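Undergrad: Each residue of the sequence shown is one higher than the one before, counting from 95 in our numbering.
In case anyone wonders, no lab produced these hints; they're calculated from the structure. Check each hint, because a few of them may be wrong.
[Unchecked claim] Between beta-carbon pairs, the in silico distance windows are:
1. 262 x 289: 15 to 21 Å
2. 295 x 108: 22 to 28 Å
3. 155 x 192: 27 to 33 Å
4. 298 x 277: 21 to 27 Å
5. 250 x 155: 42 to 48 Å
6. 262 x 134: 24 to 30 Å
7. 151 x 266: 18 to 24 Å
8. 285 x 261: 28 to 34 Å
9. 111 x 284: 37 to 43 Å
From a predicted model like this one, the values you see are computed outputs, not experimental measurements. Cβ coordinates follow ideal geometry from the N, Cα and C atoms, glycine included.
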Amino acid sequence: MFVGHYAVALIAKRAEPRINLATLVLAAMYADIAWCVFMILGLEQVQFKSGMGAGKYFSATNIALSHSLLMDILWATLIASAYLLRRRYPRGALMIFLVVLSHWLLDFVSHRPDLPIAPELHRYVGLGLWTSIPATLLVEGGFGAFAVVLYVRCTRSKSLTAAFVFWVGIGLLTLMWLSNIAGPPPQSPKTAPFASLIVFLLTLVWAYWVNRSRVAAPARL
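Start from the sequences and build out the full structure, keeping to the hints where you can.
TA: If you want it as structure tokens, here you go:
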């Protein structure tokens with residue numbers, strides 16, 4: 095998934111307003127950010143086959159460090175523990191744990207059976223939502239739209255500039271998602287993690303700016 099992970103961050107922000115949106119985006123996208131780093135370091139490998147849409151061209155050769163269930167539980171525990179030590183907010187730490195772990199659950203829905211359970215355990219799972227573009231548009235697109243509506247209803251922009259930046263970000267995320275589910279594969283597995291890492295880091299900057307530029311909206315009657 096792609097927008098589905100950002101949707102989790104927006105929903106979590108609604109549930110726990112005290113947590114910075116950028117922190118929640120980092121938690122939701124941590125597995126993918128780790129994947130980029132591990133790919134660059136040569137610790138993980140993927141292949142890009144022919145076809146349109148990630149459901150057809152993406153082949154996870156080795157992503158157990160970043161995307162296995164066992165490792166994602168470990169990453170969630172470590173990140174939540176770090177948040178708890180810094181913020182002294184147990185409920186927020188629990189939310190961070192759940193958001194990090196949600197990445198594996200959403201990928202389980204979207205991936206073909208190539209998602210590992212644990213390193214060195216050759217058992218792979220996945221429901222394959224990605225393989226159907228109409229189903230992905232309906233399920234992930236609907237989930238993303240719901241999250242945006244929920245977030246917009248509980249916050250308001252401080253200025254027209256803030257509103258513009260928020261909606262431009264949402265628009266760009268949507269375009270990248272559409273390219274991911276229906277577009278051609280990246281030209282090179284070697285350059286893909288660098289480009290993806292830049293995109294993910296920019297979305298963190300965007301989320302941090304949005305968090306500062308939007309405030310809680312008055313309660314609706």
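Undergrad: Which hint numbers doesn't this structure obey?
TA: none
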